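Given these sequences and hints, build the entire structure.
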Amino acid sequence: MSILIDENTKVVVQGLTGREGQFHALRNRDYGTKIVAGTRPGKGGENVEGIPIFDDVEKAVSETDANVALTFVPPAFAKDAVLEAAFGGCELIVCITEGIPAKDEAEMYDILKKETKASLLGPNCPGLISPGKANVGIMPHEITLPGNIGVVSRSGTLTYQAVHELTNLNIGQSTCIGIGGDPVPGMSFIDVIEKFQADSETEGIVMIGEIGGTAEEEAGDFIKQNVTKPVVSYIAGVTAPPGKKMGHAGAIVSGNKGTAEAKIQALTDAGAIVVKTPTEIGKAMKDVING
Amino acid sequence: MDLFEYQGKSLYQKFNINHPNSKLIKNLNDLNDPINLNFPVVVKAQVQVGGRGKAGGIKVAKDINELSQYSEEILGMDIKGHKVEILLLEEASNILEEYYISFTLDRSEKKYLIMLSAKGGMDIEQVAEENPDDLVKFHVSPSEKLTSSTISELINKANLNKDHEESLSEIIENLYLMFTEGDCDLVEVNPLAVTDNGVMALDSKVSLDMNAKYKHPYFDDFEQEIPIPESEKNAKEKGLNFIKLDGSVGIIGNGAGLVMSTLDVVAENGGKAANFLDIGGGAKAETVSSALEVLEADQNVKSVLINIFGGITRCDLVAEGIIEATKGKELVWPIIIRLDGTNSLEGLEILKANPNEKIFIEESMDSAAKLAVQKGL
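Just so you know, the protein sequences line up as chains P and V, in that order.
Per the numbering used here, the very first residue in the first sequence carries number 1; after that it's consecutive.
Per the numbering used here, the very first residue in the second sequence carries number 292; after that it's consecutive.
Hints listed in this document are in silico derivations from the structure and should not be mistaken for laboratory results.
Quantities reported herein were computed from a predicted structural model and do not represent experimental measurements.
One or more hints might be untrue.
[What the hints assert, rightly or not] Okay, the calculated bits of chain V under chain P, using three or more residues with CB under 8 Å as the criterion:
hint : stretch
1    : 298-308
2    : 595-604
3    : 620-633
4    : 650-663
[Claimed, not checked] DEER-style ranges, computed between Cβ atoms:
hint : chain 1 : residue 1 : chain 2 : residue 2 : range
5    : P       : E142      : V       : Q590      : 49 to 57 Å
6    : V       : Q590      : P       : G44       : 39 to 47 Å
7    : V       : Y505      : P       : G42       : 19 to 27 Å
8    : V       : K575      : P       : D221      : 39 to 47 Å
9    : V       : T441      : P       : D221      : 29 to 37 Å
10   : P       : S62       : V       : Y505      : 30 to 38 Å
11   : P       : G44       : V       : Q304      : 45 to 53 Å
12   : P       : N168      : V       : N591      : 33 to 41 Å
Backbone N, C-alpha and C fix where the C-beta goes; we use that ideal spot for every residue, glycine too.
What follows is the structure, given as structure tokens:
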């Protein structure tokens, strides 16, 4: 098994007629992903390389049974697009778009949570891949290998780096997920790790975090309470200059959290193996699964 | 983007938030024109750093002579490395009570957070730590409105003076509108004061969400007024995400996470990064050559590490950029390159076809960092 997407996933691409959307959707299709529809208001009835275009997601879902939306629309329209996908019947929305205003993200998340059952991955994320089954997003599939390790990360390129280290040691992955680093991400580390813990074919978890925010600390608490599978973790930004504080208000909210030290401590306390460089991720996981 | 106090106050104007009458001056000649303010007048240095009051950057002038004297003293003053180029002259207020209020996004709750306290005008972080009950925290669901009954409840909870409830309520409502409609990451007012002239926002600490620039044309005007450090100007003009650091290993990478991680790996190997430079996703050859140009301007750089993991970014284009920038040139420092991911084989071939005795190719991030540190000694 894998989590969130597999060989039965059917994807509708929002922004399929755009340059980025088309490039990556076709790449995903070449990999074997079922890209069943695209949307573009006013272009219903047309097609892109054989993929039918619909005026809206609801129509695409009713005609093609799409269950996942992949969103490439520009920032100014992203909130409406994501909500359209959720109300149109998609259970998972993967939003690649970078540069969405934080207020739009916060509102979008709030409405999704209160009024729909849809999950959102991103925005500003590379998407996810279940190697050998489906790739929904912009990750380079060449570096992946089917297997039993779940990978979750805030950063795009570091996700690739981690997957690459695993594949080099012949350690395959069940699903690799980039949750994105925006102020209000849809799925959190916790949401993803919970699914990896429940997935019968995932045997170990790689979690890659970075400085800022408190998501890694919260994940640490969750792992301590709920996760029995081995976790290997890496936190980027140990030597980075301290980021700007959001006034006194920001300091009060984050307290002592947010630094690399605090995150490493929280994860170590949770029983995770925290490595010092991304190169060590593969070896650490290998050692863990070989006992 | 953090705003100067006067910029934040120009937003107060836009959102009908009561604040003192004021005038901005950039040189002493500006004082020759009528200033149209009632004395006493507060002279406030406009710098983006805390502690300006203690550093002598805020003074109260009781007449025009003192105003000239203080303006002359403060203009050009250095406050923690920030040169004072602008003064805000403000009518002094007779303060009766001082409160604190702020609006931010609480990332872990994914909701807006309002913090309100009757203990304004002082170090609010200390209040939060020592008397947490004196700081009222309230979350607002982003898809809902902040109602007047909620505001009234907040005023009550924070023990603000009920005699001014109506004007407090109005100013809080408008500040919230400025935070939401105005796409601010932070609006912090300390003090929010009850004065002889009514309730006023006496200070402003505002940060804008630059992703929302397309909604608000005035974000651009503010941006142009904020000075960029000399060392980062060149990079900014070229559209690169660059931060100057104090080490000697120049870093170029793609993606903030990978670049941050590269700094760490350099440190693990006993070196120190000279900068943070992220060429972003989907970089072209041109981007890479301008990144190298930016590093050339830094005298401290002794070696350069290029660490690329191609996703959207294509390694062959990165290699072309490196060749473009270095071909036929006497390189001032060795360049150590690590390419992985999309089109890395093509990229490595391009590099090998154009050998340069100062360019070294390494297979892993670790070994590349190690060599970059060694070569920079």
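Comparing the hints with the structure gives:
no. : hint                        : in the structure
1   : 298-308                     : violated (count 0)
2   : 595-604                     : holds (count 4)
3   : 620-633                     : holds (count 3)
4   : 650-663                     : holds (count 3)
5   : E142/P / Q590/V: 49 to 57 Å : violated, 40 Å
6   : Q590/V / G44/P: 39 to 47 Å  : violated, 60 Å
7   : Y505/V / G42/P: 19 to 27 Å  : holds, 22 Å
8   : K575/V / D221/P: 39 to 47 Å : holds, 43 Å
9   : T441/V / D221/P: 29 to 37 Å : holds, 30 Å
10  : S62/P / Y505/V: 30 to 38 Å  : holds, 33 Å
11  : G44/P / Q304/V: 45 to 53 Å  : holds, 47 Å
12  : N168/P / N591/V: 33 to 41 Å : holds, 34 Å
Against the hints set out earlier in the document, violations occur for numbers 1, 5, 6.
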